Amino acid sequence: MAVCAAYDTSSDKESILTILKVLGDLLSVGTDRRIHYMISKGGSEALLQTLVDTVRTAPPDYDILLPLFRLLAKVGLRDKKIGRKALELEALDVTLILARKNISHGQNLLHCLWALRVFASSVSMGAMLGINGAMELLFKVITPYTRKRTRAIRGRSDMSGDMESSAKYHPPDASMLWESYSGMPL
Numbered sequence: 000m001a002v003c004a005a006y007d008t009s010s011d012k013e014s015i016l017t018i019l020k021v022l023g024d025l026l027s028v029g030t031d032r033r034i035h036y037m038i039s040k041g042g043s044e045a046l047l048q049t050l051v052d053t054v055r056t057a058p059p060d061y062d063i064l065l066p067l068f069r070l071l072a073k074v075g076l077r078d079k080k081i082g083r084k085a086l087e088l089e090a091l092d093v094t095l096i097l098a099r100k101n102i103s104h105g106q107n108l109l110h111c112l113w114a115l116r117v118f119a120s121s122v123s124m125g126a127m128l129g130i131n132g133a134m135e136l137l138f139k140v141i142t143p144y145t146r147k148r149t150r151a152i153r154g155r156s157d158m159s160g161d162m163e164s165s166a167k168y169h170p171p172d173a174s175m176l177w178e179s180y181s182g183m184p185l
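With numbering that gives the first Met the number 0 as the guide, the letters of the sequence shown map in order to residues 0 to 185.
Quick caveat, the hints were computed from the structure, so don't treat them as lab data. On a predicted model such as this, the values are computed, not experimentally measured, just so you know. The C-beta atom is built at its ideal place from N, Cα and C for all residues, glycine as well. One thing to keep in mind: the hints can contain errors.
Heads up, simulated DSBU-like pairs for lysine-lysine below, C-alpha to C-alpha not over 30 Å straight-line [unchecked claim]: (1) Lys79 x Lys20; (2) Lys139 x Lys100; (3) Lys12 x Lys73; (4) Lys12 x Lys80; (5) Lys80 x Lys20; (6) Lys80 x Lys100; (7) Lys73 x Lys20; (8) Lys73 x Lys139; (9) Lys40 x Lys12; (10) Lys139 x Lys40; (11) Lys80 x Lys139; (12) Lys100 x Lys79; (13) Lys12 x Lys100; (14) Lys20 x Lys40; (15) Lys100 x Lys73; (16) Lys80 x Lys40; (17) Lys79 x Lys40; (18) Lys40 x Lys73.
If you anchor each label on the Cβ, the simulated ranges turn out as follows [what the hints assert, rightly or not]: (19) Lys80 x Ile130: 17 to 27 Å; (20) Asp60 x Ser103: 27 to 37 Å; (21) Leu76 x Met134: 15 to 25 Å; (22) Asp11 x Lys40: 31 to 41 Å.
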């Protein structure tokens, strides 16, 4: 896929944004076949590597990161190995760090949570996120606590702990937790 090869070697901001737009347009029209083709040609690895490289620039460029997170969420839902790839390329760690830095910036945080949700699609990656402090991050996001809301969150986290042994485990959607807590979308 020529776009992925160009994407891998691009460093110019405008080039990266153009490639992200083209990829987003290509993958939003049609069937899952295009997404699976992109995954088979290393597209998800290219997206993850670009995420890591963009986050490591000082300061991170959110004009690139937000569309990149949206594309990662779309592709990651179809890539069964996205969590493992994110762990290998250190995208899991940089996304958690970025989410912690953006607790007070709702739109940026929401995009990080989308990516973390996709990365946690397997039990082992969900456990790895738990070890790295993702639950603590969620409790910082969902503040101030009230008894009713704290019980609901504890119930969800207890339920997810009980389901970790199940092969069909689906992690709770953090953005839905936030929306149900605050009554407003991020």
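We went through each hint and held it up to the structure:
Between lysine 79 and lysine 20, the direct Cα distance comes to roughly 24 Å. Compliance with the 30 Å bound is thereby established for this hinted pair. A distance of roughly 11 Å separates the Cα atoms of lysine 139 and lysine 100; the hinted pair therefore holds under the 30 Å criterion. A threshold of 30 Å between alpha carbons decides the hint, and for lysine 12 with lysine 73 the separation of about 21 Å falls inside it, so the pair holds. For a cut-off of 30 Å, the pair hint linking lysine 12 to lysine 80 stands: about 28 Å separates their Cα positions.
Between lysine 80 and lysine 20 the CA atoms are separated by roughly 24 Å; this keeps the pair inside 30 Å, and the hint holds. About 27 Å separates the Cα atoms of lysine 80 and lysine 100, which keeps this hinted pair within 30 Å; it holds. Taking the CA atoms of lysine 73 and lysine 20, the gap is about 13 Å. The hint holds against a cut of 30 Å. For the hint linking lysine 73 to lysine 139, the alpha-carbon distance of about 26 Å falls within 30 Å, and the restraint holds.
As the CA atoms of lysine 40 and lysine 12 are separated by approximately 23 Å, the hinted pair is consistent with the 30 Å bound. Restraint check for lysine 139 and lysine 40: the C-alpha separation of about 38 Å exceeds 30 Å, so the hint is violated. A hinted pair counts as satisfied when its Cα atoms are at most 30 Å apart, and lysine 80 with lysine 139 qualifies at roughly 29 Å. Between the alpha carbons of lysine 100 and lysine 79 the distance comes to roughly 28 Å, so the proposed pair stays at or under 30 Å and holds.
With a C-alpha separation of about 22 Å, the suggested pairing of lysine 12 with lysine 100 holds against the 30 Å cut-off. Taken as a hint, the lysine 20 and lysine 40 pair is honoured in the structure, with Cα atoms around 19 Å apart against an allowance of 30 Å. With a C-alpha separation of about 23 Å, the suggested pairing of lysine 100 with lysine 73 holds against the 30 Å cut-off. At roughly 14 Å between alpha-carbon atoms, lysine 80 and lysine 40 fall within 30 Å of each other, so this suggested pair holds.
Annotation: proposed proximity of lysine 79 to lysine 40 holds, straight-line Cα distance about 14 Å (limit 30 Å). Distance restraint check for lysine 40 and lysine 73: the Cα-Cα separation of roughly 16 Å lies within the 30 Å cut-off, and the hinted pair is therefore satisfied. Remark: the range hint 17 to 27 Å for lysine 80 to isoleucine 130 is upheld by a beta-carbon distance near 19 Å. Our hint of 27 to 37 Å for aspartate 60 and serine 103 is violated, since their Cβ atoms are close to 19 Å apart.
The hinted range of 15 to 25 Å is satisfied by leucine 76 and methionine 134, whose Cβ atoms lie roughly 22 Å apart. Checked against the hint of 31 to 41 Å, the pair aspartate 11 and lysine 40 fails, with Cβ atoms roughly 22 Å apart.
In the structure shown, a violation is registered for the earlier hints numbered 10, 20, 22, in ascending order.
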